[in-house]
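Position chain B relative to chain A; hints supplied.
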Amino acid sequence: MPHLSEDNLERARALVALYPEKRSALIPALHLLQEQDGYVSPEGIEDVAELLGLTPAEVRGTASFYDMFHLEPVGKYVVAVCTNIACMLAGAYELLHHIEESLGTHPGGTTEDGMFTLEDAECLALCGNAPCVTVNWRYFGDMTPERWEALAEDLRAGRLDAEVPPHGTLCRVRRSVGLLAGGAAGGATGPMPAVDVTTSRTTPAMASTVLPAPAGDGAGGAASRSPGTGAQAGRQAGEGS
Amino acid sequence: MPETPERGAAVNITLDGRPVVARAGEMLIAAAERAGTYIPRFCYHPRMKPVGMCRMCLVELKGPRGFSLQPACYVPVAEGMEAVTESPAVKKAQDGVLEFLLINHPLDCPVCDKGGECPLQDQTLAYGPGETRFVEEKRHWDKPVPVSSLVLIDRERCIQCARCTRFAEEVAGEPGIDLAGRSDATEVANYPGQPYDSNFSGNVVQICPVGALLAKPYRFRARPWDLQQVETTCTMCALGCRVAAQSSADEVVRFLGVDSDPVNWGWLCDKGRFLFEALNSPRRLSYPLARRAEPVGNGSSGARAPLAEVSWSDALSEVVTHLAEARGDRIGVIGGARLPNEDAYVWSKLARSVLATDNVDAQLGDGLPADLVAGLPRATIDEACSAPLVLLVAPDIKEELPVLYLRLRHAAREGGTKLLEVSPAATGLTGLCAASLRYRPGELAAVARALSGREKVTADVAGVPAAEVEAARALVASTPGLVVVLGRPSLSESASGAAQAGLALAELPGVSFLPALRRANVHGAIDFGLAPGLLPGRVGLAEGSEWFEHHWGPVPAQPGLSTLGMLDRAAAGRMDVLVLLGADPVSDCPDRALAKQALEKARFVVAVDAFENASTAYADVVLPAAIYTERRGSFTNIEGRVSWLGQKVTAPGTARPDWMIAAEIATRLGRDIGASSLDSVWAEIRRVSPLHASVEPDLLMSYRGRDGVVVGTDGTGAVPAEVSPLDPMAAHGISSAELHPAPPGELRSQLHRALGAGPVLTEGTPVPPPPRRIGLGDLEAAGTSGLPAPAHRAGASASPGGVPALRLVARRPMWDGGTLVQESPSVRELHPPFTVALHPDDLARLGAAGGAALRLVSRRGSLVAPVVGDKSVSPGTALVPFNVPGAAVAELVDAASDWTEVTVERLEAGS
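The listed protein sequences derive, respectively, from chains A and B.
So for the first sequence, this note's numbering puts the first residue at 1; every next one is plus one.
So for the second sequence, this note's numbering puts the first residue at 242; every next one is plus one.
Only chain A is shown next, with the shape it has when bound in the complex (with noise of 0.2 Å):
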C-alpha cells in the first residue's frame, strides 16, 4: 500500500516522465512529499524510491542535503531567523532570545502544540528590512519582539491562512518546476505551461507577505511590495503595532 495519496502519486509518475532519467525528478518528487505530510517522511521515502528506481538510503542521503527539506515532523510554521551579519546589526539576536522564550523552544525545536519549529538561518536575502524572519518561507521584515507577538497571534489565529499556507505546500514550485504536467489534481492536461521567469518570482504569495515599514519610518522594502497587497500587508501591520 503506498503512502503517497492516488493525486501525488499520479503527479510523481508524470514527474519522472519529464526526464531521460528516473532519478532527476527526485528532487520535486521530495517536494510533493513534504506537501502532503508536512515533512518527508520515511514512509514516503521509500515510495518515492521505488518510483525513481532508488534505495531509500540514497533518497535520504539527497534530501538530507537540503535544508529546506525536513527529515522530522515539524510545526505547521517553520519560523526562520536571520542571524547573518545586517540582521545581527538590527538586533537579530535579541529578536531569536524573544521568540525562543516566547514559543518555550529553541532553534532545532518545535513547540509543543506542533504549531511552531523555530530555526536559525543563514542571510536570507531581506537585507534591507533587517532584521527579518521567513514563516514557510513568507517574508516578514523589519521584525521586532512585538510585531513578532502579533505576527505569531495572527497565525495561531488562522488570520494569514491565505497567505501562510502550512509548511510544505506548494505554490510557487508547483508552477515552477511543471507539477501541473501530471493534471490529476488541477485538470490541467497537456503540455508543461510555459513559466515566467520573472513573473514567478515575485507571485502574490510572496510578495504580499513582506511587512512594510511601520508608518512614518519610510525606510526600505517599497521596490519588494506590490501595490496590490501592500493594503493587506499594512493592516496587518496595524493590528500589530
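Treat the hints loosely; a few may be bogus.
Some, not all, of what chain A presents toward chain B, calculated at C-beta under 10 Å [to be verified]:
| id | residue |
| --- | --- |
| 1 | E58 |
| 2 | P165 |
| 3 | P166 |
| 4 | T169 |
Listed next, with one range per pair, are the computed distances between beta-carbon atoms [unchecked claim]:
| id | chain 1 | residue 1 | chain 2 | residue 2 | range |
| --- | --- | --- | --- | --- | --- |
| 5 | B | E655 | A | G104 | 53 to 63 Å |
| 6 | A | M115 | B | A1093 | 19 to 29 Å |
| 7 | B | A251 | A | G53 | 52 to 62 Å |
| 8 | A | E94 | B | D467 | 56 to 66 Å |
| 9 | B | R460 | A | S102 | 44 to 54 Å |
| 10 | A | G91 | B | T255 | 52 to 62 Å |
| 11 | A | A125 | B | K303 | 36 to 46 Å |
| 12 | A | K22 | B | S1113 | 13 to 23 Å |
| 13 | B | Y944 | A | G53 | 39 to 49 Å |
FYI, nobody ran anything at the bench for these hints, they're computed from the structure.
Ideal Cβ placement from N, Cα and C applies to all residues, glycine included.
Below, chain B alone, put in the same frame as chain A:
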C-alpha cells in the same frame, strides 16, 4: 582514422619535465603512476570511476594562461599535456587539503584498526603540514554504529571520499549506503532500519582510506605491524579470487582482496572474505576419529559406538583393512572439490592404480557431467567479459560465483557485452539482461536447442513465448563469439537438462563456455581426474589408458560411476567402502534421501574432512584434513587458471594434507605412489598430464606468476608480460604487510630439474593423449558417449483443492547451511529465512496469504515452509533456497527426475 586517438593508443605528455608515453583514455594520475611518479590520493581508486572529491591529487597543468592546479584523477591525458607534480603550489595545496582533512579527524590512531596501514597517516607523513592551526572542538558522532551485520562505521574518522558509496552503487549495484547531510555533518549512512546488506559489503572496509568502516570479524583483532601475510587463492567458490591471507599469532585474522586483473580486480565477496573464521573454529577436527565397539554390553546393543579420538596409525589400519578386502568396483571415492590440484592428482592416482576403481567423482550430483565440462571449448573470464554476447544458462551468479557477477555487471554496463539469460527464476543479473527467458523447470534443453537452431521459432518453447525465443535465437545467430556461462539453473532439475543444453549450444560456430560450477576447486578435481572416466589432464579413460598405464601401472578399463551412481549402488547394499573426500552428500547432494540411505547401507565409510558434518555421522572413520591457508598447493578456477595456494598457519592438532593421507594409505597397502613431497607430485604431474606440462610451480609462487596461468586453451601456460604493482592507497592493508614471501627460486628450479620435470618423450613410450574436446556433432553422439540421456519424466498430479502441482526451483543462496558458513560466527545467521516463494496468482488460488504455512509434498518427502508472494516467480513454480539451516530442500528432490513436482497445501493454524 578517428579524430580522437583510440583507447590505449600512445599519447605523449610531459611529466615534471620529462617525456612520458601515456595511453589514451587514462587519467593523468594513472599515467604518472605507471611512469613511476606517485601522486597522492584518497578518493581515486583504480577500479572505479574518478570523482575528484578529495583534492589530494592536485597537480599543476599547463594551459593557455599558464599553470593551474587541477586534480590528476579527473584529467584524461592529452597529447602535449604538461604536468608538474612537485612544486611550491602543489605542496601548498597538499598541505592545505591534509590540514582540512585532519580538522575533524579524531586522531585516535592507537585504537584504530587502520593505524599502521592508513593512507591518511601515510600521506600526512609524506605530504602533510605536520601541525595544525585548528584549536576548536572537533565534530562528534555516536561511534561506532552498525551499517550492516558485518560492517560498522565510525563517522568521526570519515573523510568523505565516497569510495564506499561509489563501490556500493557503481561496482556492486546495491546503493544501500549513501552520503547524507551536508558540510561537517556529512555522514555515510544506510537508511534507518535497512542495513547495508550486500554480498560484497566487506569491500567497503578494505577500500576505506581511513578507519571509518570496520569489519566486525577483524575489529580489534590485530595491529597491522603484527600481521604476517601470504598471497593465496580464495577457495570459497570456484572463481579463484586472489587474496592476501593475514595472520597474527598463527591464527588467520583477515582476508584482503588482491587485484588480479584477469580475475577479481581486487574485489571479494563477503563469503570469501569472512569465512576464515571457520579455520579457527573450536570444532575443527584435530585427531582421527573411529568407532570403538564398547567392550561391555550396556543394553544399547545394535547402536553404533560413538566416534572417538584414535591415533592415525589405528585409524589408517582400519581404513586399509577395509580397502584391502574390497573389490575395486565396490569402492567409491566421493568428493574432492576441497582438495588442491596436487591432492586431487594423488587421490586420483590412488583410486585408479592402487584401489583399482574408477568410481571417483568430485561433484555431488549437483554439477555437470565432468567429461562435458572438460571437453567444451573454454572461455576465460576476460573473454566472457569482452564478448559481444554472453548467454547465462546458470544458477544465480550473484549468489554462487559472486565476484563473477561483479565482472559481468561491469561488462554489461561499461563494456559492450549483452547478457541473455535462460533461467526458471529471476537472478541477480536479470535486471542487466537484454532478455531473460523463463522456461518451465525441467525443459531447459528444449530452449537451448531452439536457441542454437537455424530454424525460425514459431511456437512457444518450454513455456517461453515464441516471440521471446525467436528474438533471442536471432540475437544468438547474428552474434559471433558467443560465450555461454553453463551451470545448473536449479538443483531440483536433473543435470541432464543443462548437459543437453551445453551440447546443443556447442553446435554454434565459435562458441565457448565458462562453466559455472561453484564448489571450490571442482575444476582442479576434474582436470586432475577426480571424475569417472576422466584421467588427469582432461584425458578420457579410453584414450589415455595406454599412457597412464605406462606411468602408473594398470588402470581400470571401464568408466566408473558418478556420485549419484555410487550412492544408488551403495543404497542397494553393493558398495563396500565409500570415501568421502571433504564431501557432505547428505547436505549437498540434491537427493538427500538417497544420500542418507547410501551412507547407511555402505559397509564402511571413511570421511576425510575438517569438520564433523551431517555425513560424517555415518562414517566409521574420520580423518582430519589440513585446509586452505594451512598447507601449500595450487588451485584451478572455472576458466582453467592454475594459481598458487599459500600457507600461513599451521593445521590444528594432527590434521594433515589430503595428499599425504592418500600416500600413506598406498604405502600401507604395499604400494609406493611416488608422492613424497609437493615438489615430487608436481614433477610427476608435469610428466604425466599433457595439459600441465608447461605449468611451473616456481612461476606460480613468484610475483610475476601471481595471476596464475590458464591451461586448456590456445594460450596454455601463457604468463602475463606485465604485472602491475599494488597501489598502496588502494591495497593499503596488503602493501603494508610482508608481500609474497616466495622460496628462493633458484634452489627450487634445481630441485625440479633433478626430479625430472617436464614431459619426457623417449623411444618406446606412448604418445601423450590429447585432452577431451566436444564440438560439432557431439550432440548426435551423446546417446552413446556416456553423457546423460534424458531421464524419466515426473508424472503430473494435482494438489487438493484443484491447485495444480508446482514445479520446484531450488537455488543456493550465498549464505546457507554449509559447514564453513555455520562455523563462522559472524555470518552464521545471515542466511535467508526458509520460505517458499510463489507467484501471487498461485498464492491467491491457494487462498493463502503471505506468511501462511504451506506443506510441500513431492514423491520423495515433504516440508513445511512459510509462503511469500513474489511477482518475479513464474506462475506454476515454487522457488525455495537450497540448504538453509532448518530445512533441507534435498528431502523433496528426486535426482533421477528431470524436474521435481510438488503439491502444496495450506496448513490450518495449529495443525
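Results for each hint:
1. About 5 Å separates the beta-carbon of A:E58 from the nearest beta-carbon of chain B, less than 10 Å, and the hint is met.
2. At its closest, the beta carbon of A:P165 sits 27 Å from a beta carbon of chain B; the interface hint therefore is violated under the 10 Å criterion.
3. Annotation: interface hint on A:P166 violated; nearest CB of chain B at approximately 25 Å, more than 10 Å.
4. Because the closest C-beta pair between A:T169 and chain B is about 24 Å apart, greater than 10 Å, the hint is violated.
5. At about 57 Å, the beta-carbon gap between B:E655 and A:G104 stays in the expected band of 53 to 63 Å.
6. Distance hint check: the CB atoms of A:M115 and B:A1093 are about 47 Å apart, inconsistent with the given range 19 to 29 Å.
7. The beta-carbon spacing between B:A251 and A:G53, approximately 41 Å, falls outside the hinted interval of 52 to 62 Å.
8. With their beta carbons about 60 Å apart, A:E94 and B:D467 fall inside the hinted range of 56 to 66 Å.
9. Between B:R460 and A:S102, the C-beta spacing of about 49 Å keeps the proposed range 44 to 54 Å intact.
10. At roughly 60 Å, the beta-carbon separation of A:G91 and B:T255 lies within the given 52 to 62 Å, and the hint holds.
11. Separation of A:A125 from B:K303 is about 41 Å and conforms to the stated range, judged on CB atoms against 36 to 46 Å.
12. Checked against the hint of 13 to 23 Å, the C-beta distance between A:K22 and B:S1113 comes to roughly 20 Å, which is consistent with it.
13. The hinted window of 39 to 49 Å between B:Y944 and A:G53 holds, with their beta carbons roughly 44 Å apart.
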